[in-house]
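**Q** Given the coordinates of chain A, assemble chain B onto it according to the supplied hints.
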Amino acid sequence: MADKKEKPEVGEVKKEEVAEKKPASSAKTATTKSTAAKPAAKTAASKSTAAKSATKTTESKSAEKKPTAAKPAAKTTATAKSAAKPAAKTTAAKSMAAKPAAKTTAAKSTAAKPAAKSVTKSSAKKPAAAKPDEVKPVAEPEIVEEIKPVAQPETVEEVKPVAETPAPEAIVPDTVQPEQPVLPVTEVKEEPAKQTIMQKTAGAFKTAGAKTKAACVSAASTVKGWFVKGKPVEATVSEGDVNAEMKTVLSGSNLSTKERIIRFCRSQTGWLFVLPAVVLMCIFTLYPIFNAFIRAFMENYMPTNKAHPFDGWGFENFVRVLKGDTGMGGANFWQCLLNTFIVTIISVPLSILIALLIAVALSSIKAVRKAYQTILFLPYLTNALAMGAVFATFFQIIGTKSNTETIGMVNNFLGWFGISPIDWLNPNMHAWGSGTVKVYWASYLVAIIYDVWAGLPFKILILFSALQSVNKQYYDAAKIDGASRSKVLWKITAPMISPMLSYLFITGIMGGMKSYSSIVGLFGEQMGRDFNMGTVVGYIYQYIDKGQTGYAFAGSLLLFVIIMIITAISNYVSKKRVTYT
Amino acid sequence: MKISIQNLTKAFPSRVKKGDPVIAVNDMNIEIPSGKLVGLLGPSGCGKSTTLFMLSGLESPTKGKILFDEQDVTTLAPERRGIGLVFQNYALYPHMTVEQNIMFPLTNMRIPKQEAKAKALDAARLVQIEDLLARKPSELSGGQQQRVAIARALVKMPNVLLLDEPLSNLDARLRLQTREEIKRIQRETGITTVFVTHDQEEAMSICDIMVVMKLGIVQQIGEPQAIYDNPANLFVANFLGTPPINIFKGKIENGMAYIGDEAVVKAGKLENQEIYIGIRPEGFIYDPKGALSLDVDHVEVMGRDKSIVSRHEASTKPTVRSIIDSDVKLPSDTGIMKFKVKPNKVFLFNMDEERIL
Chain A
1 MADKKEKPEV GEVKKEEVAE KKPASSAKTA TTKSTAAKPA AKTAASKSTA AKSATKTTES
61 KSAEKKPTAA KPAAKTTATA KSAAKPAAKT TAAKSMAAKP AAKTTAAKST AAKPAAKSVT
121 KSSAKKPAAA KPDEVKPVAE PEIVEEIKPV AQPETVEEVK PVAETPAPEA IVPDTVQPEQ
181 PVLPVTEVKE EPAKQTIMQK TAGAFKTAGA KTKAACVSAA STVKGWFVKG KPVEATVSEG
241 DVNAEMKTVL SGSNLSTKER IIRFCRSQTG WLFVLPAVVL MCIFTLYPIF NAFIRAFMEN
301 YMPTNKAHPF DGWGFENFVR VLKGDTGMGG ANFWQCLLNT FIVTIISVPL SILIALLIAV
361 ALSSIKAVRK AYQTILFLPY LTNALAMGAV FATFFQIIGT KSNTETIGMV NNFLGWFGIS
421 PIDWLNPNMH AWGSGTVKVY WASYLVAIIY DVWAGLPFKI LILFSALQSV NKQYYDAAKI
481 DGASRSKVLW KITAPMISPM LSYLFITGIM GGMKSYSSIV GLFGEQMGRD FNMGTVVGYI
541 YQYIDKGQTG YAFAGSLLLF VIIMIITAIS NYVSKKRVTY T
Chain B
582 MKISIQNLTK AFPSRVKKGD PVIAVNDMNI EIPSGKLVGL LGPSGCGKST TLFMLSGLES
642 PTKGKILFDE QDVTTLAPER RGIGLVFQNY ALYPHMTVEQ NIMFPLTNMR IPKQEAKAKA
702 LDAARLVQIE DLLARKPSEL SGGQQQRVAI ARALVKMPNV LLLDEPLSNL DARLRLQTRE
762 EIKRIQRETG ITTVFVTHDQ EEAMSICDIM VVMKLGIVQQ IGEPQAIYDN PANLFVANFL
822 GTPPINIFKG KIENGMAYIG DEAVVKAGKL ENQEIYIGIR PEGFIYDPKG ALSLDVDHVE
882 VMGRDKSIVS RHEASTKPTV RSIIDSDVKL PSDTGIMKFK VKPNKVFLFN MDEERIL
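These protein sequences, in sequence, are chains A and B.
Residue 442 in the working numbering is what sits at position 442 of the first sequence, and the numbering runs on without skipping anything.
With positions in the second sequence counted from 1, the corresponding number in the working numbering is that position plus 581.
In case anyone wonders, no lab produced these hints; they're calculated from the structure.
Just to be clear, a hint being listed does not mean it is correct.
[Stated by the list, open to error] With a Cα cut of at most 25 Å, we get these calculated DSS-like pairs of lysine-lysine: (1) B:K830 - A:K479; (2) A:K479 - B:K583; (3) A:K491 - B:K700; (4) B:K717 - B:K617; (5) B:K830 - B:K919.
Chain A with its partners taken away, still in its complex shape:
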C-alpha cells in the first residue's frame, strides 16, 4: 500500500518534467496522435501487447533527455506493470508514444521498463535496479493505479479516446478497485510472448544507440514493426515512414479479412432502408436515362427489326436533328427551341413579378384575404388542356366582325379600339422574319399570357408564405427611415424573399423548357400549323409518335443539356443576388 501512495507522486513528478522539457511540442504531438491511438488499442490486444507497453514507457520518459537513475526506475516500474495488465490501454499510449519517442531518449527509457518487469534481466542494466521495492509492486496487479499517472503526463487526451474503444474494462485504469483483475483473457494468453518481445525491444533499443535521435526513431519503428506485423522490421526507417506506417496500423489495415467484411456490412446497413426507393428509381429513372443516352447514338434505330436494329454508332441523329434534316418534314428543332425559349424567358419573370405584386397586395389586406387566396389558387387545380381550350376560345378569330356570333372575346375587345382582328392561333399569319425559323409573335403572346396565368397560383402561394416570414420590424425600420412603398418592395421585401424568388425562377425555367400540354391545349395537336408553334418536348414526342426514336432520344439529350446550361447560369446569378438569412 505504501508503494501505491508513492507511485502517484512519481507520476506527478513526471508530469512536471514533461511540461518543462517539451511544453509545446510534446503536448501537441500527443494530441495529434491521440485520435489515432484508438484503433491501435484494439489491434494491440490481438497482437503483441508487450511491445506497446514498452513504447509507452518510452513516451512517458521521452520528455526527459537524460533520465536520472532514480526517476526512470520509478517510472518504469509503473509502466511495466501497466503494460502487463491493461494491455489495450498501454497500447494506445504506446502507439502514440512511438512517434514522440522517436526524438527523445526513448530507447533508454524503454529499456528501463522491461527491466522493471522482468526484474532480474533489465534491472541489472538499468538504474531501475537501484529501487528494487518499486520494481516489485509493478509486477503486481494492484499497481494499476500507477498506470494512470504514467499515461497521463504527456498524453492526457490519449487516455480518453482509449476509453472509448471496444474493450473498456481493459483500458480504463481502475484506480478505485485495484484488486479487480484487469486483464482480458486474450492478454493473459499473450503474456509469455510479450515478455520475449519486450526483451527484444529492450535489446533493439540498446543496440540502436539509445541516445541519438535517429536511433530512437528506428527503435520506435522496430517496436511498431513487431506490433504491426508480428515480426521485427529493419530499424532504418525514417521518421516520416514511421508516421505513414502508423497510419496504416491505426486505420485497421491489420484486421482479419472476415472482421473487415463484417465491419463493412455493418456500416452499409443504411442501404436496406432505402432499398425499395433505390430499386424503383433504378428501374424507372436511371435505366431509361441511360437507355436514352445510348440509343441517341444508334443510327437508324429500329426496334422492330430484331436482326438488324441499328446501322451503327455515331452522331448522325444529333446532326440531323440540328440540321433539320430528318427526312420526315414536320417540326424543326430550332423553331421548337426558339418557341420554347422565348415563351419561357418572358413568361417566367413576368409571372413571378405579377405573383409578387399580388402576394404583397394580398398580405396587406386582411378582410377578404382568404376568399382571394382561394380564388387565386383555383387555376392550379384546373387541367392544362381544359384551360388551353378556354384560352383558345378567347383568342379565336372565328365569330368576329363579319360573323354575327361573338366567340373571339379578345378580338372583339380589340375591335372597340379599332384594331382589326388578329388570327392569334394561326402562327403563320403574324410572324417576323423569313426562312425556316420565324418569330410568331402573336401566337407567342397567347402562349405567354396563358403561361403567366397558369403559373400564378403556385407562385402566389409560395411568395405569400415567404412574405409572412419576413420580420415586421424591417418594415417598421423602413417606415421610420422614410422609404417609399416601391423602395420597400424592391430594396427590402424582394431581397428578403430572394431565396424563394430564385427557387421560383429556376423551377419556372425548367418547367417552361419542358412545356408541352399548354401548347397542345392552345394550338391543338399539331401545335399550330405543322408544328411551327411546337416546343422541344413536342418535337421529341412527335418523333416517338412516328417511330423515329433516334431523333427523339437525340432531341431529349439536347434538351437536357440546354436545361442544364440555363439552370447553371441562373444558379450562378442567384448565388450572387440571393441573401439567405
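**A** For chain B alone, coordinates are given in the frame of chain A:
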C-alpha cells in the same frame, strides 16, 4: 428638442370578442427637456415600448397628444417626425452591407450619394465602426450590430433618438460597455434620447431622467437618485435597487414605527396605523444594542462587503437581505443578531394604497 406627452393613452382592442380593450398606456403626462437622456423603466407589459412606438409614430395613440417642441406630431407620419429609432433586434437589413444600412435613411431623403457616404462615415466614426463598413450584418457581433443600428438611427441627425431595449441582446460585459457608449454618444450629439428598459440598474446608471411605469401608469418621474432615495410608492421602492429592498409588515404607534414589537424608527407625527416598512439592504447597521433582531441564516462574503441573509417573520419575502461593510466584525455563529437601521434608508408605506408616508 423638447418632448411633451399629454394625456397619452393607448388601448388595444381585446382579443376576446366584446371583451374590454387592453389599456397599454393610461393617461400619461411627461415633459422631457431638450437634450436629456430619458429612460422608460418598468416590468414587461407596463407599456413602455408602446409609449416609445407612439413617440416614433409607428403606433397611433388612442387619446392624447405628443408635442415635439411646440409642434403637434400626434398624427404625423414617422418619417416626418425627424426621429431615429433603434429596434430591440436592431432590424438591420441582412442583405445590405453596414454602409448601405447606414446610408439607407439618407437615400430616402434623396441626398446625393457622395454626401450620403460621407455622412455615413461620420456616423460610423461616432459609434466606432468605421472599419466594418463593408461587412454584412451577419458578419458582425451583437455589440457591433447594435452600433450599426445606432449609427443608422443617428445618420440623418434626428431631433429625437428612440432606443427600444437597446442592451437586452448583449451579454453582461458588453452591456456595461455599451450603455456607457450610449451615454457618450448622447452627450456628444446632444440629441434628446428616450430609451426603454426593464433593467433598473441600466436605467439608473445612464439616465438623466427616469420614468418608472407599471401597468401603463406612470409611477414616478425624476432623477434616478432622487427616485431611489424617495420612492413614491411600494412598487417603485421594490423595483429599484439590487438587492431589492426588504419589506416588513409593521405598524405605527405613538410616533414610532414597529416591526413586530420592536420600535425601529421614529414615525414623526404620523397617526397610528398598519403600514409596510421598507428598509434598503444598506440601511442596516450591526449593533448588539440595535432595535431590530434578525434570525441570521448565513453570511455571504462579497469582498467589498458582506451580505447577511436572515429571516424575520414580519418580512413579506422569505429572506431579509442586508449589506454591511466587510470590516464589520460579526459573531461567528448565526442566530439572532441585533441591528440598527439608518432612518434615511427606511420608508414607510400605508397599507391600502402602498403610498409613501
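**Q** Each of the hints needs a verdict: does it hold here or not?
**A** Hints, one by one, checked against the model:
1. Taken as a hint, the K830 (chain B) and K479 (chain A) pair is broken in the structure, with Cα atoms around 51 Å apart against an allowance of 25 Å.
2. Using a Cα cut-off of 25 Å, the hinted pair K479 (chain A) and K583 (chain B) holds, with the two alpha carbons roughly 23 Å apart.
3. With a C-alpha separation of about 21 Å, the suggested pairing of K491 (chain A) with K700 (chain B) holds against the 25 Å cut-off.
4. About 33 Å separates the Cα atoms of K717 (chain B) and K617 (chain B), which puts this hinted pair outside 25 Å; it is violated.
5. As the CA atoms of K830 (chain B) and K919 (chain B) are separated by approximately 18 Å, the hinted pair is consistent with the 25 Å bound.
Checked against the numbered hints listed earlier, the structure breaks hints 1, 4; every other hint is satisfied.
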